[in-house]
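Using the hints provided, position chain B relative to the given structure of chain A.
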Amino acid sequence: MTRKQRRLTIIGGSLGILALAAGLVLNAMRDSIVFFSTPTMVAEKHVLPGRRFRLGGLVQPGTLKRGDNLAVTFEVADGGAKLPVAYTGLLPDLFREGQGVVAEGALDATGVFRADTVLAKHDETYMPKDVADALKKQGHWKDDYGAKANGSAAQTAQGTPQGVKQ
Amino acid sequence: MIAEIGHYALVLALALALIQSTVPILGARLRDGALMNVARSTALAQLLFVALSFAALVMLHVTSDFSVVNVFENSHSLKPLIYKITGVWGNHEGSMLLWVSILALFGGLVAAFGNNLPISLRAHVLAVQAWIASAFYLFILMTSNPFLRIADPPIEGRDLNPVLQDIGLAVHPPMLYLGYVGFSISFSFAIAALIEGRIDAAWARWVRPWTLVAWIFLTLGIAMGSYWAYYELGWGGWWFWDPVENASLMPWLAGTALLHSALVMEKRNALKVWTILLSILTFSLSLLGTFLVRSGVLTSVHAFATDPTRGVFILLILCIFIGGGLTLYAWRASALKQGGLFAPISREGALVLNNLFLTTACATVFIGTLYPLALEVVTGDKISVGAPFFNLTFAPLFVPLMIAVPFGPMLAWKRGDLVAAAQRLLAAGVSALVAIAVLWAWTGGGSTLAPLAIGLAVFVIAGALSDLAERTGAFRTPLAVAARRARGLPRSTWGSAFAHAGVGVALIGIVCETTWNSEHIATMRPDDMAKVAGYDLRLDGLTQAQGPNFREMVAQFTVTLDGRHLAVMTPSKRNFTTRGSSTTEAALLTRGASQLYISLGELTGDGAIAVRIYHKPLVLLIWFGPVLMAFGGLLSLSDRRLRVGAPKPAKAMRGLQAAE
Chain A
1 MTRKQRRLTI IGGSLGILAL AAGLVLNAMR DSIVFFSTPT MVAEKHVLPG RRFRLGGLVQ
61 PGTLKRGDNL AVTFEVADGG AKLPVAYTGL LPDLFREGQG VVAEGALDAT GVFRADTVLA
121 KHDETYMPKD VADALKKQGH WKDDYGAKAN GSAAQTAQGT PQGVKQ
Chain B
1 MIAEIGHYAL VLALALALIQ STVPILGARL RDGALMNVAR STALAQLLFV ALSFAALVML
61 HVTSDFSVVN VFENSHSLKP LIYKITGVWG NHEGSMLLWV SILALFGGLV AAFGNNLPIS
121 LRAHVLAVQA WIASAFYLFI LMTSNPFLRI ADPPIEGRDL NPVLQDIGLA VHPPMLYLGY
181 VGFSISFSFA IAALIEGRID AAWARWVRPW TLVAWIFLTL GIAMGSYWAY YELGWGGWWF
241 WDPVENASLM PWLAGTALLH SALVMEKRNA LKVWTILLSI LTFSLSLLGT FLVRSGVLTS
301 VHAFATDPTR GVFILLILCI FIGGGLTLYA WRASALKQGG LFAPISREGA LVLNNLFLTT
361 ACATVFIGTL YPLALEVVTG DKISVGAPFF NLTFAPLFVP LMIAVPFGPM LAWKRGDLVA
421 AAQRLLAAGV SALVAIAVLW AWTGGGSTLA PLAIGLAVFV IAGALSDLAE RTGAFRTPLA
481 VAARRARGLP RSTWGSAFAH AGVGVALIGI VCETTWNSEH IATMRPDDMA KVAGYDLRLD
541 GLTQAQGPNF REMVAQFTVT LDGRHLAVMT PSKRNFTTRG SSTTEAALLT RGASQLYISL
601 GELTGDGAIA VRIYHKPLVL LIWFGPVLMA FGGLLSLSDR RLRVGAPKPA KAMRGLQAAE
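In order, the protein sequence lines correspond to chains A and B.
Under this note's numbering, the first residue of the first sequence is numbered 1, with each subsequent residue one higher.
Under this note's numbering, the first residue of the second sequence is numbered 1, with each subsequent residue one higher.
For reference, chain A alone in the conformation it holds in the complex (with noise of 0.2 Å):
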């Protein structure tokens, strides 16, 4: 075999290679992506019941409720709208009503957002980024919020890892 046939066997071996992983990527990120939202822009979209998505927002104090089995709902809200969720399972250590966010799940046929993952990424002072951004965007954050996030020496933020999987 000579080096250019050699070359050949080699080029067209990682072209197929690189084409087989093209095709998975495109074929991967048309099903298996999810895109974030919040109530403001659920209510403006008109999203379609099924469709998946990253909820995001604050918890609205005062709407959570425990019933059997570890079923609980809450709603989110971003200042220009209200989501109720719907979720069954163990909640995040630092899940709590007035705080930041992110549910993924699908809305039902009622309208309700059912989860089956609630993340809570944040403390005392950091808030989601997505839904920090969110909050910006439409005009709704909260200035004591800001103020304490770049209060003092405490520049950096950590966020508690947490996360809750059904």
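A couple of the hints might just be wrong.
A few chain B residues facing chain A, derived, Cβ under 7 Å [as the list claims (entries may be wrong)]: (1) Y231; (2) P344; (3) K382; (4) L433; (5) S582.
By construction, these hints were calculated from the structure, which means they are not laboratory data.
None of these values were measured; they are calculated from a predicted model.
Built from N, CA and C at the ideal position, the CB exists for glycine as well.
Same frame as chain A, now just chain B:
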């Protein structure tokens, strides 16, 4: 005083690094041995000063000197000593200091043990190391100085993030950094080779042990981090395809490819240009990992830093080194002579295939990790790319790779015989088919994929064993002869067999855990029973306890199997008063390679507690596999050929001349 000494030592280290970046290069241009040798002494002195600086920060943390911002923010006087020490790198500034310390350590090692390198190559390598070091010293001194003081010192610190108050923090980041930063050596060697415009098999022999060391540490570091996340985060996951995890996986994939291509270069003097490119890419991915983790561009379960100036600075470093490295490569690579012809079906061909799959898999991880960031910058849409994406892309690419793994060592260099290799793998293939059939029957045809995947893993393990059997002539010759041959086999052969078997072992663990894992979530009151995977668990009661810097609620479970008392498990929920945050301490019960896993949720109003119990079959194999891989790497590292004979200057000179 200690803080000022630490700060000053760091500035001196920067000054030394600047000298080391320039003088040796000048020496190499002028062919002045004395100037080139400056690299050696400055590298050692730099190590000394960085070590001093690091020791100073450790000292500050140990003595709880809250007049230093870094200590105030991340420590607490009541914290146990071990966490005071590990807390040094449990924050942004400290972990960057650890990063440069390890960089200086590797530079110092090259200086100390690189006596048999050609003097100009050593000068260039150390100079490139110093460029990297200077950039990161500047970064620390300008944006992340750990030695800053507070004007009026508080009495008590803010404590370390409770999740980090764990022995995992003592091991995981240093290991990971030894891996990340270790790849800087192969990068420096690659850049040095490009500057000098020559490269040969001897070069690969020098680079391989360094790459191997970095790879071993990175393997262990990733495995350790995964196990840490598994038991600390309290929901039993061990790999989340989180960007930060991907950031460590990408250099690992590229580094694994580099190990294999350097082998081809060392043995057959082929794939030079590709090996150089991989060296550059591997370290670039390490830098990218540092950027992703340290700049806070990610919303991630590991997010530490949130200061944008730092992000821009690291991005700049990233662009300079990756851009510079690739530009130099584009400019000089054509000057490197090609060598070593081989047929597509050959050991080289198999290693090329390995490289193709590993780098492609690495590319898919890269896309999955950076695409959301890119999309957000360009369109503003926020998306999350999670496990489904990676399962659909990464996994299919690994299947053909795993099938090819046992064939590689069976093929001869230069021109191999696929049919002969397949015949020698007959036993492995048969055992894989038997495993599939047995599992299929045993699980009653539940999942199709799982038995197939385990069959693949068995094939890889049996393939590695067949390779050893072939080489020692076991089953064909008398035992004594086989044993003698086994002793005579090069350690690297044993190493690759262990490492390949480790991949199979890890795969078995992954498949078993994901397929047959059982979960039980419920609210339980004292004396309630739960049944998981045949085990009976009884909640005996809840007690409150006081730790050094936390309060905890401990639940006690009695575990019985068929009425036989097995063990008592005590998961707990800790509340850290200083930060007002809590952590879940899962309880683990190991049965063989399987584990029972209990973590607690919150108390409900009426005295019941939410409990999550998992049974994870063969889960420990997930981490035992990487340990086996690292052990294989260690064996390979101890191979004579990497210590004796290889870097003889005389031979090197011949090699270098031949390459010109």
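Going down the list of hints, with the structure as the test:
Among the interface hints, the one on Y231(B) is violated; its C-beta lies about 13 Å from the nearest C-beta in chain A, farther than the 7 Å criterion. The interface hint given for P344(B) is met, as the beta carbon of that residue sits about 4 Å from the closest beta carbon of chain A, less than 7 Å. Annotation: K382(B) was flagged as interfacial toward chain A, and the flag holds, the nearest CB pair being 4 Å apart, inside 7 Å. With its C-beta approaching chain A no nearer than about 26 Å, L433(B) sits outside the 7 Å limit, and its interface hint is violated.
Hint status for S582(B): holds, given a least beta-carbon distance of 5 Å to chain A, under 7 Å.
Violated hints, in rising order: 1, 4; the structure is consistent with all others.
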